[in-house]
Structures are given as structure tokens and as C-alpha cells.
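Engineer: Hey, can you work out the whole structure from these sequences and the hints?
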Amino acid sequence: MIFTKRYSFILLAFVLTALAACKDRWEDHAKLHDTVLKENLMQPIEGNPDLSRFAEYLKKTGYNELLVSSKLFTVWAPTNEALANMDQAVVNDVEKLKQFVANHISYQQYYSYSPNPSIRIQAINGKYLTWDRVPSTIEEASVVEADKQYKNGVLHVINKAMSPKMNSWEYLNSLPVGLRQKNFINAQSFNFFDPLQAEQIGVDPATGAPIYKPGTGVIWRNTYLERVRDIMHEDSLNTFIVLTDEAFDQEFNKLNRFYKTSTEDSTNQLTSWNLVKDLAFKGLYTRDNLPDTLTSLFNVKVPVDKNAIVSSYRTSNGIVHVMNKVDFRIEDKMQPIVIEGESAVRPADFSSSQVNSRIHYRFRPNASGNHDLRVYDHGTNNGFWVRYRIPGLPAGTYRFYMKAVKDFGTADLTQRLAIGDRTQTTTFPNIVIPMNHEEEVFLGEHSVDSFGALTMYVVSNSVSGADLNPIVVDYIKLVPVL
Amino acid sequence: MKKILFKSMRRVFPVLLVSLSLISCEKILDVKPDDALQSEQFYQDKFDADAAVIGIYGKFLGLAEHYVVLNELRGDLMEVTPFAKEDMVQLSNHTVTPENKYANPRPFYELIVNCNDVLTNFDRMKVESKISEAEHAERYSDIAALRSWLYLQLAIHYGNVPYITDPLAKINDVKDLSRFPVLNLGEMVQELIRVMEALPYKEQYSELNTMNRVIDGYNTNKYFINKRVLMADLYLWNNDYRKAAEQYKQVMEGPNGNVNIFTSYKVTWADVATNNDLTVGYLRYAEQDTRSLVEDPNKGWRSMFMRTPDAIFNWEWIWYMQFDSRFEPKNPFVKLFSNTGGDYLVRPTKHAMDMWNEQEQLNGFPWDQRGRWTWKMQNGQPVIMKHIYNYSPLAPLETTGKWFLYRAALLHLRYSEAANRDNQRKIAWALLNHGRTAYEDANISDIYQKHETFQPFPYDFNFRNANVGSLVIREPWHQSAGIRGRANLRHLEMPENNTDQDSILYIEEKLVDEAALELAYEGNRWSDLLRVARRRNDPKFLADRVYAKLQKANDPGAAAAHAKLMNPANWFLPFRWE
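If you're matching them up, the sequences are chains U and Y in order. Here our numbering is used: the first residue of the first sequence is 1, the next is one more, and so on. Here our numbering is used: the first residue of the second sequence is 1001, the next is one more, and so on.
Just so you know, these hints were derived from the structure itself, not from any lab.
Computed beta-carbon distance windows for the label pairs: (1) Y:Leu-1492 / U:Asp-349: 31 to 41 Å; (2) Y:Pro-1396 / U:Asn-382: 56 to 66 Å; (3) U:Asp-412 / Y:Gly-1469: 40 to 50 Å; (4) U:Asp-349 / Y:Thr-1437: 34 to 44 Å; (5) U:Asn-289 / Y:Leu-1394: 44 to 54 Å; (6) U:Ala-348 / Y:Pro-1396: 41 to 51 Å; (7) Y:Ala-1559 / U:Asp-377: 46 to 56 Å; (8) U:Asp-349 / Y:Pro-1456: 53 to 63 Å; (9) Y:Asn-1443 / U:Asp-349: 45 to 55 Å.
From chain Y, some residues computed to sit far from chain U (all C-beta separations above 10 Å): (10) Pro-1082; (11) Leu-1119; (12) Gln-1190; (13) Lys-1202; (14) Gly-1254; (15) Asp-1296; (16) Thr-1400; (17) Phe-1454; (18) Trp-1577.
Here are some, though not all, of the chain U residues that point toward chain Y, as calculated from beta-carbon distances under 10 Å: (19) Val-355; (20) Asn-356; (21) Asp-377; (22) Phe-408.
Ideal placement from N, C-alpha and C gives every residue a C-beta, glycine not left out.
Structural biologist: What follows is the structure in C-alpha cells.
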């Protein structure tokens, strides 16, 4: 054993010496022999006479330096022929040219077999490019020479230039038509001042308040983009409908009467909002795969007639259809409003905060939302109340329904719904709902003259006795009479 | 920090080592160790005997995972996750091959050989007057009972097993089955009954016994096997219903000592004012409110798995053991159950979830809160929580936990099983459902004519709770809520016009169902299914339930497993010794 050990030492020493001796040879051995893999992406682009214009643009915009770096890229280089008709306004404006060139470069390596069958690839200018496998196309360009591997990435030669596309927001703002919609959505923009984003340049000696550098910390926002759909965002696909002014007016006039307020301006604002909120959709619906009805983000059915499409534009984040008609059905727009009983907040929405233990959010398998509300043994003999508020109720006449299942005790349920003022008993008097009544009951009709908040109260029977004066609310439903 | 248990274990460890070396390598025996005690040198006084007992239980703790996996994975409530190894998969779908790790009963036999050795030495100490007769009786009976428990487990899972009580047996001798009697399950149960009846001492360690003390900050009095519940279980396996009920009832009357006789082992009602209880509880007056469920770690049904051993803990627990991150063996349950810090090897079955969701609470909510507390969705995966409630992935080294072995609810269900078969259906049905309320009768005005079973022992229960003038009557069972009552569930309906025999079968089935809801994953399921199927001579009883689990998991082998289990010969694991 010792013998072997001694020998292994000798052997080890031998190997180490040998390794030290043939250092150069090892390097030769490990070296890359494929000369193409020694080249960075810039070299073949400069070396190919057919790509000389693109190479020139790369140098002009400084992207040549990016392409010699050690990150990995994919470059779709247009041939000189493809660049022959370049708009000189772009060529001469470095900023515009940068946008243009960057639209042909992405990080990471994508090969012609990467799409399966299609992928969206983000170019380094932030725009997305659509690459299809069969036929091998990127956006509208065909791949002439594919999958050339170099040290820091892969190069494809294409036969058409890819000008950066506008996104749906940019396209909307470039449109010469649909001005009413465009102007309305733009009117939802606002600036606000965020001190955290602003640069502080001093302190007011008198008040101690910070002084900010003018022009900093101002943030631009748009309510439509925030509350409906951000069609400015490059990452997700949208379908957006722009109505021509005539179509806009037609739909506006259908909705106008529901948004009566004290001023014409606010009526216009509300009506327009409720019209355009249902014109943006998730996903890409091109003319070819457009169904006859889309469902908006607010669950409103939107009839779309392909023949009404005036023009369509494929944007970098979806598609915009300009249409001269979208014939909304008024009953789709004006949907019934359901207020869940359990939406009342304890204790703020109840007549006394001393009885929290008597206010029960119950699980009931048959109830709407699987829950209802019960107030039991509250000890208020002159009318315990629960408050519900609808923040913005369109003007009009509504049929009021209530579902309330009293599945305890022995007496039928007696309670009433008061509108606006909890003491008023004239709109809807006390109603008696039989025990275990699983149907909704009709309370009556009530009209509201103008758009606005509606406060309602469910008020218990003014008697004593836990079984005689409970409140039960599964839901209250308002069905507009159209 | 030197711990007494450690010290004690260190003293007994040489003995275990000697036994182990007997097992593993005979030739080593020829060399006398210089640095360890010989067994003859060891058993000198009462404290050496205590150390031997602690040593046995210390090693017993290592069986916890094995026990839960065998008894639950073979049943219908637990299944494997994709992370489980083939050994567990086979257990779950009843395709265990002789090569399976669980086909090897060695973990049980190692401890049995140790028990045999300890018992022989206890006898020798008595003969040599190193311990008194009374000291001998308590310790000997404890270890003999634990050995009986191990043999019962072996017989339940392996069917025919060699029965070895010879102290000098080497564990490899078990290979040669001809040297020892091999008993089947029925024979084993009868033999163990004989052993248990002959024990000189049948209670827990007496108050003044040195075994009743605090070790490593834990009171040990409930670490040791409860001999009476074991005897009762054995009688139940042997269909000696009256004898079983007698033993269970003695335990139900409560442990000796300074305990609350109204609440100890009585499965009691809610303390509606404070919620300091073991019920599925809601805040007072708000029982209908989903948001008022009491979910405090020190209140309600769930707390029995979470709370430190305090007075309320002692109402329920009859036998449990403690894992502590400071000493071996480590808590195996985090690895078994947890998906945050453990290996997440097993999970609840769809079949079990359905059983919980078929229940209706007294407030009309369509579920059994015990299910929601037994397992929960964690990172999108169903995780069995009972054993790992006190484990937090944020403190991965704090693996303190318990091995849950026997508690009051199990005692009530087993007692009811015996009583039902002994034609005492009313009390069986009452303890399963709402306890004392079954003995309320509005038509009888004289309170002394109701609120009682009016039966002799072991069926004597007095639920009376009344104030007559200045006389306050509070009988021992006046707080009895029943298993379903304590869980806030509706009373079960008894089919009308049942024959007596139908009723017995119906109640028995409901008791087994309830045991699933109440006791899931505590290691009782397989033996419950096996015992009842065997008693009824009805393989379907067992096969259907296992089938339901596999079928709801879309296991392609469900039908094959059902067919296999329809033959009682296939109820047992292959017995492989190596």
C-alpha cells in the first residue's frame, strides 16, 4: 500500500511538470478554430457589401459600439435595396434614426426555429416585433439569410426595413378622424407633482418648505389609460376601436339621458366616458378573427360589424380599428345593479355600533356570492337600519327587487327599503317575505331624475322580539326600465 | 446545556448498543468494551431502571413517522404527492412488493428486542432486591404494555408475525421463523390480552413515582402508554365488547390527581363567554357570522394540536410524545407534511376533503371546520397542518412538535364502537352526536327521572345539570357535548324502521366516518377500517374506501387495488427480514 502511495506521488509530480511544460499547446487546444465565432456582429455587417447602408446607420447612431460588446444580440439587418427608399427626414434626424435602427436589434439570440409558430420579441427600442416561423417573416419583412452565428449573437438578413410602429395610443393621436373620441380621451390627461420624483434645490428660509427645481417632479397621467386599459403599454396586446365623429354622436345621443346632471359639461363628460370605456379590449382581434360581438372590460357586449370598419392599423401593441358604427344595445350598456347584503361594512353602515355581535355575515350556499347579511336580536324596537350606497346611479326608472331568506325562527320576515332618508316609508312600505323564501321579491318602481349617488336603507320592523324584527339581506337589485 | 433526558439516555445507551451489537455483528461481542458499561454493571438501582424506561421511550419516538405513514397512507384519507418515493407510492395504492422499505418490520423488532432485554433485567433486579416489588410492578408493566402495543401494530400491518419475548434473542434470529411462534392477528390479540391481564400494575405511573417528573421542561406523565386504553383496544379487536367498554369507561372517568373531573376526557361543551375550550367555536351571539370563528392558537378545537401542555391540553390528551429541536430524534413531520421547509411527501385525499365538505355546521355553513383546520391550501397546494401548526418556515430550526397517540375523542369513538356492539346503542349514538342532549326529555318533569342512562357500569352516565332551589346539581358528565356537538356539527339522522342489526351496522359506520373527520392523520385510520371490516367479515367495507381515494385521484390502479383488497389475505404487507 505504501508502495502504491509513493508511486502516485511521483506520478502526480510528473503530470504537474508536464502540464507546466506544455502550457502553450493547451492554449492551442482550447482555442476556437471556427473563425466565424471569433467575429463580433459588427464585422460581418461591415464586411457584407449588401449591408453597407445598415452598417453606415449603425455607425451614425452609435449602435456599432453596442454590437461589439459582449452581450448577446439578434440583428435583423435589411439589405441596401430594402433601405433604398428610406425617408431622408429619418436619416437626417439622429434621434429618429436611432429609433429606426434599434427596431432591428434585440437582446438574446433568436433563431429561425425559435418561433413556434410565432413569438413577440422586444427590440431594444422597447417595441415588439412579431416573428413567424412559416413563412419565415418578421413583421412584414422576409428573412433572406437566416441564423448566421457570431461571437456575440446571431444575424439575419431581411428584405424590408422595419420602421418602428406606433403603439395604439400614438396611433390614436395621429388619426385625422375620430376627433371626438380622441379629444375626450386626451382630456382625461393630467399632470401632478410628485415631490419624491422632483429635484430639491433648497429650503425656503421663511417656512422651511423645500424648494424644487422648476420642471422636475411633474408626472403625466391619463385616467382612461389607468382605469380602462393602458393602450400605451408595449407589453400586452390590445384591440382598440375608434369611432368616427358621426358614430360617436349617434351613440352619445343614446346614452345622454342617463347622465343628466346639473351642468351640461359634466353630462357630456359622463356620457362620453361611459361610451368610450367599452371600446378597448384585451388581446388581438384582427379583421379576420373579429367575432361579431366582443365583451368589453366592463362586461358589456359590444356588437362589431366588419363592414363598419373604415380602416385598421396594426400597431406595435395590438390593432386599432376605425369604425363608422358600433350599435350598442341600450340594455347591454344599462345593466341591472346588484348590491350584495354582505357589502355593508360593520359598524359604519349600521344604526348602532354597540351590536357588532348581532351583525352576522353568514355563509349560505344558495345566497348570491355565497353570503348574506343578518342582523338578529339587536334590541332596537323602533327600526334598526343597514345602509347601502350606490356611488353613481344613472338617471331613470328602476324596478327594485330584494332577496332575503329568513331560515331561522318561526315568524315571516318583515322589513322595508327606504330610499335616501331612512325615515321615509312612502316609496316602499314594509314588505312581508315568507320564511325560507328563496325567490327575489319585487318591491316596486322608483325614478331618479339625475345621475348621482343613491343611498338606501334596509330598516327592520318596528316591533320588539328577536324573531319579529331581524334584518336579512341577500341582495338588492335595481333593474333599469328602458 | 446538559439535559436530564440526554443523561438518562446516555446511561441506557450502552445497553441499547450492546443489544444492537448483538444484532449486527456477533464477533464484536468477544471484545469487552473499556469505555462502556456492561449490562450486568448497569441495572443497579431504581434510577438505572428509570433510565432504561426513558431510553426505550426515546427510541420509541423514532417510530413516529413510520406509524403515521403506515396507518394513514394505507387508508383512504392520505395520498402521496409527486415528491414521494416509490416505497410510499406502493403503500398508498396497495402494491407493496417485498423489496419495499415498509415491508421490513425491523424498526419494530429492534425496539421489541430492547424491551425484552429491559424486562428481563427488571425481573433480575427484583430478585436481587435492587428495586422493590412496587417499583418493579410499575416499570415492568409499562414496558410490557409498550411491547404489546408494538406487537399489535405489527400484527395489524403484517398479519403473521413471529412473537419473541426471549431476552437473548438476536434480531437476525427472526429470519429463522421456526424458532419462534408465528401468530396471526387474531392469535396475537389473544396472546396480548393474556399478557396485559397478567400485568401487575394497570394504571399510569403513580403520583410519587420518579417517572412522573419534568424532563427538559416537559412533564412526562402523559408520555407513557395508557395500559387501559391498550387493553380496551385489544378487547375491541377480540370482539369482547363489554370488557372493552369497561376499560374505556375507567379511563373516561378521568385521570387521577388534581384535574377537572367535569372536563377531563369528557369531550365538553363550549365556554361561550371566553372560548377557552376545545370546540369549533364562534363568538357569543355571532354564531351565524363567518367572521366570528374563534381561531386563536390557544382556543378551540385546533388549539389541542398547537397549545403547550396546559390544563386544557390535559382535558384531551391521554398519550402524546414531544419532539424538541434541542434533542434527537428530530421531528419527522415537517419533512413529511410541509411544502415550505419540508419535502411535502403526502397530502390529504380528495375523498377526505369531500367527507369534510359533506358536513353541515349548526349555523348552516356547509362544511366541517375540523377539515379546514386539519389541512389548508398553502402556496396552491393542500398541506396537512395538524402536526406542523407550530412550525414556521421563517424559523426552520424550531421543529418542536408532538406525536399524537391517544386522546379523548378517540376514546369516545372507540367506547361507542364497543357499546354499540354490546347493544347499548343509545349512549353510543349520544356520544357520537350531541352528548348529554340525548338524555333531555321535555315530557319528563322530574329531573331525577332523566339526564341519566340508568344503566350499570360501564354504561352509567349522569348528565344532570340543574338548580333545584338552593341545590346546585352538577354531575360529572353535565358538560358532555358529544364529538359532533363539540365540532359544531348537526346531529346525524338515524334511519327509521331499522332493525336492531341494521342500527348497529349503521352506527358503526357513522363512528368510523366520524373518526376520519375528527382524527385524520393521527395514525388510526387503517386499524379502524381493518378492525371493522374484519369484524363484519366484509372486505367491501375496507376496499370501497380505499377505492374511493384512488378513484378520485384518477389512479389507473384503483380497480385493481379494490379487487386485491376484496381478499382479506391481501390486507397485510409482505413480511421481509434482512
